[in-house]
Amino acid sequence: MKLLAYLVTLIAALGVLFVLFKPSPSTAPTTALNTASAVSAASPVSPDAPAGPGEAKPAAAVETPATAQPEAQASAVKTFALIVRGGRLASGPSVIQVREGDRVRVELTTDTSDELHVHGYDLRLKTRPGELVSLNFVAKRTGRFGLELHRAELDLGALEVYPR
Amino acid sequence: MFPAAAALALLAPVAAAHAMQVPYTLPVPLWLYAYGATGALLASFVVVGYFVKATPVGSHERVVDLSRTSLVRALASPMVIALSRILSVVLLALVIVTGLFGTRYPTGNFSITFFWIILALGFTYAVALVGDVYRIVNPWLAICEWFERARPSLFRGRISYPASLGYYPALVLYMGWIWLELFGLAVPRTLSLVLIAYSVLNFAAAWLFGKDAWFRHGELLGVFFRLFGMQAPIEYRCGGTGDASRVRLRAPFVGLGSERAEHWSLLLFVLFMLSSTAFDGIHDTVPWVDIFWTHLYPLLATVIAVGDPSQYLVLVHYFYYWQWAMLILSPFIYLVIYLAFIALAKVSTRTSLGVRALALQFTLSLVPIAFVYNVTHYFTLLISQGPAIVSLASDPFGFGWDLFGTKGWFSQPYMLEADTVWHLQVGFILLGHIVSVYLAHVEALKVFTSSRQAALSQIPLLLLMVMLTTIGLWILSLPIAAGQVLLPQAVNLTLRPWS
Chain A
0 MKLLAYLVTL
10 IAALGVLFVL
20 FKPSPSTAPT
30 TALNTASAVS
40 AASPVSPDAP
50 AGPGEAKPAA
60 AVETPATAQP
70 EAQASAVKTF
80 ALIVRGGRLA
90 SGPSVIQVRE
100 GDRVRVELTT
110 DTSDELHVHG
120 YDLRLKTRPG
130 ELVSLNFVAK
140 RTGRFGLELH
150 RAELDLGALE
160 VYPR
Chain B
0 MFPAAAALAL
10 LAPVAAAHAM
20 QVPYTLPVPL
30 WLYAYGATGA
40 LLASFVVVGY
50 FVKATPVGSH
60 ERVVDLSRTS
70 LVRALASPMV
80 IALSRILSVV
90 LLALVIVTGL
100 FGTRYPTGNF
110 SITFFWIILA
120 LGFTYAVALV
130 GDVYRIVNPW
140 LAICEWFERA
150 RPSLFRGRIS
160 YPASLGYYPA
170 LVLYMGWIWL
180 ELFGLAVPRT
190 LSLVLIAYSV
200 LNFAAAWLFG
210 KDAWFRHGEL
220 LGVFFRLFGM
230 QAPIEYRCGG
240 TGDASRVRLR
250 APFVGLGSER
260 AEHWSLLLFV
270 LFMLSSTAFD
280 GIHDTVPWVD
290 IFWTHLYPLL
300 ATVIAVGDPS
310 QYLVLVHYFY
320 YWQWAMLILS
330 PFIYLVIYLA
340 FIALAKVSTR
350 TSLGVRALAL
360 QFTLSLVPIA
370 FVYNVTHYFT
380 LLISQGPAIV
390 SLASDPFGFG
400 WDLFGTKGWF
410 SQPYMLEADT
420 VWHLQVGFIL
430 LGHIVSVYLA
440 HVEALKVFTS
450 SRQAALSQIP
460 LLLLMVMLTT
470 IGLWILSLPI
480 AAGQVLLPQA
490 VNLTLRPWS
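So the sequences go chain by chain: A and B.
Going by numbering that gives the first Met the number 0, the letters in the first sequence line up with residues 0 to 163, in that order.
Going by numbering that gives the first Met the number 0, the letters in the second sequence line up with residues 0 to 498, in that order.
These are computed hints drawn from the structure, not numbers from a lab.
There's no promise every hint is true.
[Claimed, not checked] Counterexamples of contact, computed for chain A against chain B with all Cβ distances above 10 angstroms:
no., residue
1, D101
2, D121
3, L134
[To be verified] Taking lysine to any residue and the SDA-like style, the derived pairs with C-alpha atoms no more than 20 angstroms apart in a straight line are:
no., chain 1, residue 1, chain 2, residue 2
4, A, K139, B, M414
5, A, K139, B, Q411
6, A, K139, B, D418
Don't be surprised by glycine CBs; every beta carbon is placed ideally from N, CA and C.
Please construct the entire structure, taking both the sequences and the accompanying hints into account.
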């Protein structure tokens with residue numbers, strides 16, 4: 000019985016701590032993204048800057064799809080430009096980091112015909128040599144999902160969707 | 000950083016070779032990690048607080064004998080046991096045959112999902128709930144006993160099992176198993192060949208040492224499931240092999256206090272349970288990968304393959320040698336840390352007991368931490384990919400069959416949301432931590448005469464467990480290195496191949 004009392008006290012104490020320390024929803028994703036800073040530093044995700052150097056299209060020039068909603072945050076499309084050359088990712092982030100509910104656009108250029116597969120979301124995108132193709136979706140599901148070029152069996156990196 | 004980026008890019012396809020699918024869990028956010036670590040510390044004090052007034056009394060274990068209940072009598076009937084052993088052998092054969100002749104595509108083949116998800120994860124967690132049923136359905140043991148019906152002396156052993164060998168064979172095989180999981184080729188055929196070799200080894204060793212000695216000390220899965228099964232609230236006391244003659248209900252985890260590690264090798268086995276999961280968690284993260292590419296690589300590059308244009312390619316192999324070496328060394332690193340804390344406990348209590356005796360006394364209290372490490376790392380895989388076995392059962396070879404009409408069922412992986420996963424992970428780790436601290440205290444009360452001495456002995460062990468828990472949580476919070484970490488400055492801006 001005494002152990003039970005201790006356990007109840009413990010759980011209550013943990014519950015109070017949880018309420019006290021749990022960050023508000025607005026700060027949580029920032030902290031989460033900061034923990035991954037080593038990767039994000041290498042992979043600029045700002046929608047206002049070109050996502051990759053060289054021939055990658057500036058993301059700001061990207062049109063939003065017709066279903067765009069007028070709300071401020073949700074309507075901004077986060078664009079990531081990836082270039083695959085010689086069997087490896089030549090430009091663009093290897094980790095795409097977004098938040099739940101974000102509208103995401105992945106622009107992909109490859110030097111061979113292939114198919115991009117976003118695991119978990121099970122999205123597929125066919126590519127042709129030298130042609131820019133794009134994949135638009137809403138990041139509804141949180142987690143870390145592999146990006147793979149099927150024909151080349153190339154692990155391009157990952158899509159990380161953090162909760163809001 | 001260019002060499003690092005380029006080399007990582009080159010090794011990307013190899014890095015994806017994880018026997019199971021890559022977990023989809025995100026790193027735990029920093030605030031939750033801090034919260035979990037604080038919780039562990041607080042929980043420890045509460046458990047210690049409880050024990051301060053506890054008196055070192057003998058075992059007051061309360062058990063309920065279930066042997067007479069109709070359900071247990073039905074389940075423990077010779078018919079059911081014989082059938083489950085046949086099923087177990089059939090499943091082993093099916094894994095081998097589908098691996099050899101089925102599709103090469105890992106997720107389309109019954110063997111990979113069954114072995115790595117259903118057996119290695121699902122069965123492990125089931126054993127922790129219902130007890131070590133593996134020793135009843137162990138397919139290799141079942142085959143040995145079938146052969147013994149024709150030749151009774153076949154597996155009685157030619158030489159006696161050397162006591163000094165302890166659990167080392169199981170430890171070595173365990174290392175091989177984890178190596179295969181993390182670095183082996185994730186194709187079904189490889190798994191089948193490994194299982195054939197493992198079967199031959201089991202029969203040869205059972206013939207040489209006798210089946211009882213081998214299946215207790217050498218057969219990896221037997222040792223693995225026995226340790227995790229000790230946590231279960233159900234206990235089997237067998238009259239003979241495969242005969243669940245007594246089934247008892249007991250408090251969860253207390254089974255770990257009913258036995259004591261009898262050999263260094265079992266301590267190393269338990270430490271490898273901890274360290275291999277920690278290694279799996281850390282070996283793909285940015286800080287870990289960085290140790291090699293930022294610190295070791297420049298040193299190696301000055302001595303190995305100097306002047307060779309394909310130096311990176313050569314050194315990529317060294318990256319793997321380094322990873323393998325760290326995996327093999329990991330339990331020994333944990334051993335040094337563990338023994339240091341045990342030595343501290345010895346000094347603080349001024350006990351006459353040796354470090355070895357103390358180290359072995361507290362070995363099994365580490366099992367819950369090892370178990371929750373395992374759960375936090377892999378439960379999402381079981382949930383997301385386990386259900387696919389229903390579809391694979393209808394088409395085990397990946398030939399397009401639909402034997403039971405279940406093909407295509409659960410074909411979409413079921414995924415938990417990231418914050419649910421985070422909270423479960425931290426919750427599991429905290430639970431394992433509390434149980435381990437509790438069990439270590441119970442052990443201390445057995446060894447030390449006064450409760451004061453017992454409490455003193457627990458301060459170093461408490462520090463060790465807080466450390467293990469914090470490391471476990473910290474690993475969960477580390478950013479994961481993707482298949483490749485490519486830095487922007489590594490890109491040659493002047494190349495425009497498509498313009």
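Checked hints:
no., hint, verdict
1, D101, "holds, 14 angstroms"
2, D121, "violated, 7 angstroms"
3, L134, "holds, 18 angstroms"
4, A:K139 with B:M414, "holds, 12 angstroms"
5, A:K139 with B:Q411, "holds, 16 angstroms"
6, A:K139 with B:D418, "holds, 13 angstroms"
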